[in-house]
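**Student:** Spelled out, the chains give:
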Amino acid sequence: MTRRSILACTLAMAVGWLPVPASAQMLVNGAGATFPYPIYSKWFEEYIKVDPEVRFNYQSIGSGGGIRQITERTVDFGASDGPMTDEQLKKAPGELFHIPTVLGAVAATYNLPGSPKLSFTGEVLADIFLGKITKWNDERIKALNPGAALPSQPIIVVHRSDGSGTTYIWVDYLSKVSPEWEQKVGRGTSVSWPVGLGGKGNEGVAGQVKLSPGSLGYVELAYAVTNKLPVAAIRNHAGKFIEPTIESTTAAAAGAAKNMPEDFRVSLTNAPGAEAYPIASFTWLLVYRDQPNEAKGRAIVKFLWWAIHDGQKHPAALLYAPLPAPVVKQIEAKIKLITYSGKPILASQ
Amino acid sequence: MNTRRLISTTMSALTCVAAIVAVLPLLLIFGFLLVKGASAVSVDFFLHLPKPVGEPGGGVANAIVGSLIMIGLAVVVGLPIGIAGGVYLADSRDRHLPWAVRFIADVLNGVPSIVVGIFAYTLVVLPMRRFSALAGGLALGFILIPIVLRTTEEMVRLVPNALREAGLGLGIPRWRVTLRIVLPSARAGILTGVMVAVARIAGETAPLLFTALGNRFWHQGLDQPIAALPLQIYAYAISPYDDWHRQAWAGALVLITLVFLASFAARVATRGRTIAR
Amino acid sequence: MVAASVSRAATADAPPPGRVVRRMRAGLGDRLFGLGLTGAAWIIVLLAGALVAALGWEAREAIATFGWRFLTTSVWDPVQGRFGALPFIYGTLVSALLALVIAVPLSLGAAIFLAELAPAWIRSPIAFLIEMLAAVPSVVYGLWGIFVLVPWLRDWVEPPLGATLGFLPLFQGPPYGIGMLAAGVILAIMVVPYITSVSREVLLAVPRSQREAALGIGATRWETTRIAVLRYGRSGLVGAILLGLGRALGETMAVTMVIGNRPEVALSLFAPGYTMASVIANEFTEATSEIYVSALVEIGLLLLVVTIAVNGLARLLVWSVGGPARGGRE
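Residue numbers (the working numbering), protein chains in the order written: chain A, 5 to 353; chain B, 1315 to 1591; chain C, 745 to 1074.
The calculated lysine to any residue pairs, modelled on SDA-like cross-linking and capped at a C-alpha distance of 25 Å, are:
1. B/Lys1365 / B/Leu1536
2. A/Lys139 / C/Ala1010
3. A/Lys214 / C/Asp899
4. A/Lys94 / C/Arg826
5. A/Lys136 / C/Ala1010
6. A/Lys139 / A/Leu215
7. B/Lys1365 / B/Asp1537
8. A/Lys338 / A/Thr89
9. A/Lys300 / B/Leu1440
Calculated directly from the structure, the hints in this document are not laboratory data.
Given the sequences, and given the hints that come with them, work out the whole structure.
**Tutor:** In structure tokens, the structure reads:
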């Protein structure tokens, strides 16, 4: 028995050691935001048809993880929907670019019997997340939702337990609409939450909300819809209650191109515009201006170019909004600046 | 008289109940795995790569291979050290070092595997500047060594002295006696110790979280991130997608079956030998 | 001439020349082999040392910045860079203690049953099943925990507990399902096999004479067990319990999946919590500042020190009953 089992084990492991025939591929590793994971995983799958020589392996570990890993250079590119702070950029061994890829909306999602359509204002959301509003049938929630059947259950708040760009977008919004939130909790990819359960990744929060009756959490829109979770309409800067959709997300970015900072680190929350959804954001891929590896650098640059052009026909199906055309032009200029050994990669195509 | 007898019978019954309750979760867990996971286990499941979010189907082929690779790495690195250390402990006449090594090995057995993960991250991932199968395999090796060490020691001790003395009496040098006579006769026991250790590391997730990282495609080399079955189960379990949940159950079913087979085989092989476990 | 006298001397009172040469060669081979073995032993010692050293080194910034306050502060604020490990220490201790409260009676009862009272035909199968329970990977426990245990607790256990015992702060608050109670129950299930099998070994190591003496003076089975066996094996049993504690303290995946990930000290068992192992698992890859990483590694160091202490003590106690050769598997 022992001799045969040794043989069996060796064979099994030998299978692993043998190079898989298609192993002429190059593996480019990235990690970061869970916010765009659905569209990125679609893109990386589609891109195999465009360039069969490369595989992009993306691990959705949260924006905080993406920032950390690209700073430590343990991955080839990072991804985040919370822009890096100046301090974080200084820590990186080289200049990092933020390349916007798509627009997404952070939705307030909940689990109530009957899945009623609910509306919230920013202040009410902030107070719920501060722990000041604790029950579903609180007066202020009832006032915003006169027709809805609100139980007297306690609200189970669900937030992120990991470092998250989605969190950044959410608390950025809450900070803008609630001075108390800004003072007590503030902004960041990881904050000190006054109340609530923590879920890991957008997946974890959506999973948690789905499992727990009476819960309220925030997730990227795609996660709510794919899991058939209801999303709330939120009052925007102009005073209208808007639901998160592709159109309202695009509306939020409408004014962005005019005042776009050169490094693309812009916040779109609470954007002006009658039809704008107030909790929308760009999501960025983080790449070094000077790429350490020529082959990988070229693969990344080619992928970025594809993503902002051909790739833009995929986001809508997954409920992300494509980039506005003027912004695409600005990004093109930025991608052309990526170099290897000082020489721009794209120009040498 | 009667009350004492009554107490005794009641306590006996209670301990019996305790034993049954202790075993119950195993039946529940395995039962649920079968019910929920069996439907998703298919040939596809074993042969295909994971599909992107929202697309049904896909499998855990790369995760299974990844796990096997890292286990293989752990064994290649840990086995020589573990066996050599075990032989040392069994045969050495030193005063202090064996006691220290024994104590350390037992203590290392109890180190939380997440701490091993931090260690491997600091020592392997950071200097290499990347997540890799190597880091994951080394972390698993670190966990494997103490287990193999202790079982080897016990198995070598069990080899009757008569065998050693016979070899020495023939003029065979001591080291040859150990290598060519003692170890081969302890071979079965040592191998089962290895299988127990493999069963243990096959199920480890925590040390792989920040060493192997995970990979949705086939491995591309030992210095690249790699998928592993427990990692995949974890990622699927905490996701909100029903299809992924089903695959998590199926993956867990596969994992637990492999682990059970290894443990069961180890136990059967050592039946009749007096070892601690 | 010299050769002749050497050979005469050799044959006289020394072993024949062939044997001498072989022994000298054997000496070299033995020495090298011995060096190799000792080398392996030293590697193990060095690995353990490197583990502590690496953790200590990475944690130095947090240790320097926070000092002892790290153990007593509750704030976990990555934005401001303020870290205190109290919620995690609390969560780890409470979940482990809860696990023991549930597991110890079950394990000791099962161990007594298996060692003393069970008929022979049932001993092996049940012992086997309990050992299989120890082989179940943590992530599988977690998976089962999320989808089976948590809904059960949320719908069938916590509401009645809250309704009947809600006056106790232990059972107050909304029934999330996810939380300290779920973590405690899952940990209990996970440590039962360890405590049971080591306790069983300890009980089996108690000499027959003890039992026979008790039976001889007319004790019932239970009284025999209580007076002769349990008392004799007491320190070993404590050791077994400590081993279970050590396991519960370091458990990561299953707990992470059901505890709720909330860094807060809360009295209620229904409330979500956080353990030292869980926070490392969740936040390590994304700690974006040096001090954040350092704080997490310091938590890892704390965890290491605590589990070493508990396990070390446990080993010593178990060895005191059975001898150092025991306790090979975990």
